[in-house]
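Enquirer: Here is how the chains run, residue by residue.
Protein chains: 4
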Amino acid sequence: MAIRLGDNQYGKAETRLVRVDRGAGGHTVTDLNVTTTLAGDLDATHLTGDNSGVLPTDTQKNTVYAFARDGVGEIEDFALRLARHFADKTPTITRARVHIERYTWERMGDCSFRRGAGTRTATVSYESGQAWVVSGVEDLVVLNTTGSEFHGFHKDRYTTLPETKDRILATAVSARWRHAAAEGDWAASYDTATRSLLEAFAGTYSLSLQQTLYAMGQYLLSHQDGVAEVRLALPNKHHFLVDLEPFGLDNPGEVYFAADRPYGLIEGTVLRDDAPPAGLAWW
Amino acid sequence: MAIRLGDNQYGKAETRLVRVDRGAGGHTVTDLNVTTTLAGDLDATHLTGDNSGVLPTDTQKNTVYAFARDGVGEIEDFALRLARHFADKTPTITRARVHIERYTWERMGDCSFRRGAGTRTATVSYESGQAWVVSGVEDLVVLNTTGSEFHGFHKDRYTTLPETKDRILATAVSARWRHAAAEGDWAASYDTATRSLLEAFAGTYSLSLQQTLYAMGQYLLSHQDGVAEVRLALPNKHHFLVDLEPFGLDNPGEVYFAADRPYGLIEGTVLRDDAPPAGLAWW
Amino acid sequence: MAIRLGDNQYGKAETRLVRVDRGAGGHTVTDLNVTTTLAGDLDATHLTGDNSGVLPTDTQKNTVYAFARDGVGEIEDFALRLARHFADKTPTITRARVHIERYTWERMGDCSFRRGAGTRTATVSYESGQAWVVSGVEDLVVLNTTGSEFHGFHKDRYTTLPETKDRILATAVSARWRHAAAEGDWAASYDTATRSLLEAFAGTYSLSLQQTLYAMGQYLLSHQDGVAEVRLALPNKHHFLVDLEPFGLDNPGEVYFAADRPYGLIEGTVLRDDAPPAGLAWW
Amino acid sequence: MAIRLGDNQYGKAETRLVRVDRGAGGHTVTDLNVTTTLAGDLDATHLTGDNSGVLPTDTQKNTVYAFARDGVGEIEDFALRLARHFADKTPTITRARVHIERYTWERMGDCSFRRGAGTRTATVSYESGQAWVVSGVEDLVVLNTTGSEFHGFHKDRYTTLPETKDRILATAVSARWRHAAAEGDWAASYDTATRSLLEAFAGTYSLSLQQTLYAMGQYLLSHQDGVAEVRLALPNKHHFLVDLEPFGLDNPGEVYFAADRPYGLIEGTVLRDDAPPAGLAWW
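Protein chains in written order, with the working numbering: chain Y, 2 to 284; chain P, 2 to 284; chain V, 2 to 284; chain L, 2 to 284.
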């Protein structure tokens, strides 16, 4: 009946790094939120408070800033550099995960920028010389005003939802896709991936949000050989047609109430049959 | 030493309305958050619970949806319709304020949209047949990588801030501008106003965020005769240069820490000398 | 048609200060969020970028920390010390407002604490040797399961709300009360005030949330001679009885849906007839 | 190179349910946020939009409300009822997970309540007649003013953190514990568990937050035979001693800056050697 330590990890969450590259032809801004997570032989600090194997989270933060001095580049590459460093250089640490959010800035001038919507992400997991790279996007909020039906569903005694041949379909796309290899043209890949997701959302005549989810994943994979797998989480942001009859008015698909909670949540994975194993990718 | 009721008001906050206009050439989406506030002779409900003078907030919500059936149009006009209705048609109500937030949606296709950054606002106040219209923008997040100094400030024994000839200037613009009249081309005005704010932010060589604020207000007024007054609230979103010396590195304006709190907050009004009186505009 | 600078102010928002008092019999924690706002002759920085009259917001932050070295005491007193300092010692500054939030910590041991609900606030405004003190509480979330009716309200063509003789009444109290004098036993006053608000909420048989609001204000004033005026903002957090009939079930006031938006918002002031003038209290 | 559907699930997130029990001696309030998640044979809806196997998320919401008519009881039991229902009664569904948050309400009177701090949670996973029950607590914010050291850690070229023999230790406990069996006295277990976590936090002389984490897990397990495993996530909410030397002041552990980001994040599991396998518990 002994009690023991199980899986554990630690790190520095949400180190906010902004790097400015000051080229002659105009500046660029790289605005990041970096979270580093380390695991390895960390029993001593848990059991006796012996910290000799602990690289302080403060040091992890310092490392993020120091590494940025040489340039950040694509966030997948920056995450790879950091993950390899932590796991290869710290005696007790065998695994590292680096998760980066990159905020969108649109150029207004040579040195002026305006924050845009959507967040690009990268997550690198690394162990024993092997790295897994996952890219993603968060808060890509999209809406179709038509082209969405929902009917023919299973009914039980608690079902009251009317079937519909035309509804608003709205979601905030949260997507992550696993690359087959640990190197690539990450910027081009990100642009293709997000364009694929948007085109598939807009272009799919939808009988369920699940069908749209699968179409988005399939479309992304079809346009990028280097992506092994896509994971999508799509909240169904319900828009309810308001009943205007009490006021003597009809409502032919024009006036909606946008609800906050509850919301549907559709989650799914689309992958290639011949995808390399995920390993620690989703750690 | 009698105790009495003072100023009071009530209303329905954050009615979420999405209207779809289904034109042959493509749909449009109007995505609003509407808050209505009423005041008048409401002593009875406070003092005795006699609600005969209270138009329920639920009715206010219903009215927002019912009015949307005829179309929403520009949010200033929609707010005017609602405010006039509430104050003119409800016996006890003499004042109404309607505040509307309109979220940004960018077109992806005839019937597909993607949520963008920034929120347009309108606030209409109305009493005794007179209306005041205020337009605005929220969450317009902007950043200049250079062209900003801060020095020559007052120093006391608690001052440690070094003077700087080059810093990042970043803020989230919150602006409201009061129109001289209760009618106008609101859409064109909004476009001009936000373009003015962005151009002035990007184009001003700044010795203080206050100077930038004034330049933004002045620029907006200079480009729109119909605007009487601008109110701006600009958080100074600090970006601190990270000291990399402990790691043997210099940091020539490249690596920054973006801080959350505390932040500076600069607030100011820019107005015309001959502006009509504000009346209830800022109620 | 000249354009000019109007009202303006600036300051440091949300300086997070935690002070520990390490007494022999046990420690105490004072956990604050301090916002300082200054106004005065600040034309130069707006118009020309001449900052010679600007006390940097960084200095304001430093001052908060330095003043805490001597102890914080009650937040009203700490705000008074800071406001007087900024306005009396800075040549250009004639007005200062200091707003403080104090988070609740409950003792678990001599040196151990657990965060509780609700936030105490103080706002001091100061000019020309005169100070106004406002105390308050935020996020005091309360609910009555019965003892609340709502009927007899004004009906128009958009009214569909059924009258009710029994509903849940729930709100998140946001209250601020203005003291007649700039000195007092602030701790005792706060305890009495919040107890009054809670007792009045719980003890009032309510025909409208407005009636409850007035009762809360009146009760607070009745129990504290030193308070001149109370301002309350009470969101009506709607709880809707769920219609269970489609499932062959009744619902005798048992199963509710707690809605997020929209919500009612009831705001009102209760004051003494002989209250001293508010001056800058609500600046 | 075929593309196929991988793991998937769907459900209704954040159904807000408030149940009132109206006993003669006083009412009770059960305030819940319920998320249901289902998985099974859902290929058709993804691949062709055939929804015949999909129980609508709207029905899941209805079921939550309908089941509440019979009483809610402990959230673990309510989650068990719901999970079994969804998986046993829906032809395509083989797995169900129900996650419930219960908000804290403190009694002020027979029918009056005040919201308190901290949230109790339960997560039930169910498949093929077997259920796994996990209980938890969120947002339990705690702070020790002393009794915490951090030194002897691993140093590399990026380490600048000074060693300390006395620091503030503060965290927001997020804990989940897996029960060995699917039935028990959940209310008593929750009280014991949270008391254990608080006592261990307050009572542990800490050389690292990891050591505190392990102590908390061990203490919880030591006091409850029925708990097989505890998972803890502890953000290290940094409090930095402010350097007051520039103002000619010392700072003997009294004045701190409470930082938002970045923060350390310590995560770990403590379990029994003879714990039954976790199965789907953490699904």
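Because the hints were derived from the structure by calculation, they are not lab data.
Hints may contain errors.
It does not matter which identical chain is used: a pair holds within one copy or between any two.
To be verified - Quick list of in silico lysine to any residue cross-link-like pairs, SDA-like style, CA-CA up to 20 Å:
id, residue 1, residue 2
1, K238, L199
2, K166, R20
3, K156, S175
4, K90, E139
5, K90, G41
6, K238, R5
7, K166, G7
8, K156, E200
9, K156, F248
10, K238, G204
11, K166, D78
12, K238, Y206
13, K238, R262
14, K90, P278
Enquirer: Give a verdict on every hint.
Expert: Against the structure, the hints come out as follows:
1. K238 to L199: So K238 and L199 pass the 20 Å test inside one copy only (17 Å; across, 32 Å).
2. K166 to R20: between (49 Å within a copy, 18 Å between copies)
3. K156 to S175: For K156 and S175, the Cα distance exceeds 20 Å both inside one copy (29 Å) and across copies (38 Å).
4. K90 to E139: neither (32 Å within a copy, 35 Å between copies)
5. K90 to G41: Within one copy only: 12 Å inside a chain, 44 Å across chains, cut-off 20 Å.
6. K238 to R5: neither (43 Å within a copy, 26 Å between copies)
7. K166 to G7: neither (51 Å within a copy, 28 Å between copies)
8. K156 to E200: Neither: 32 Å inside a copy, 48 Å across copies.
9. K156 to F248: between (32 Å within a copy, 13 Å between copies)
10. K238 to G204: Classified as within: same-chain Cα gap 19 Å, cross-chain 39 Å, threshold 20 Å.
11. K166 to D78: neither (46 Å within a copy, 33 Å between copies)
12. K238 to Y206: So K238 and Y206 pass the 20 Å test inside one copy only (17 Å; across, 38 Å).
13. K238 to R262: Cα proximity of K238 and R262: in one copy and across copies (9 Å, 14 Å).
14. K90 to P278: Neither: 26 Å inside a copy, 35 Å across copies.
This entry does not satisfy hints 3, 4, 6, 7, 8, 11 and 14, going by the numbered hints stated previously.
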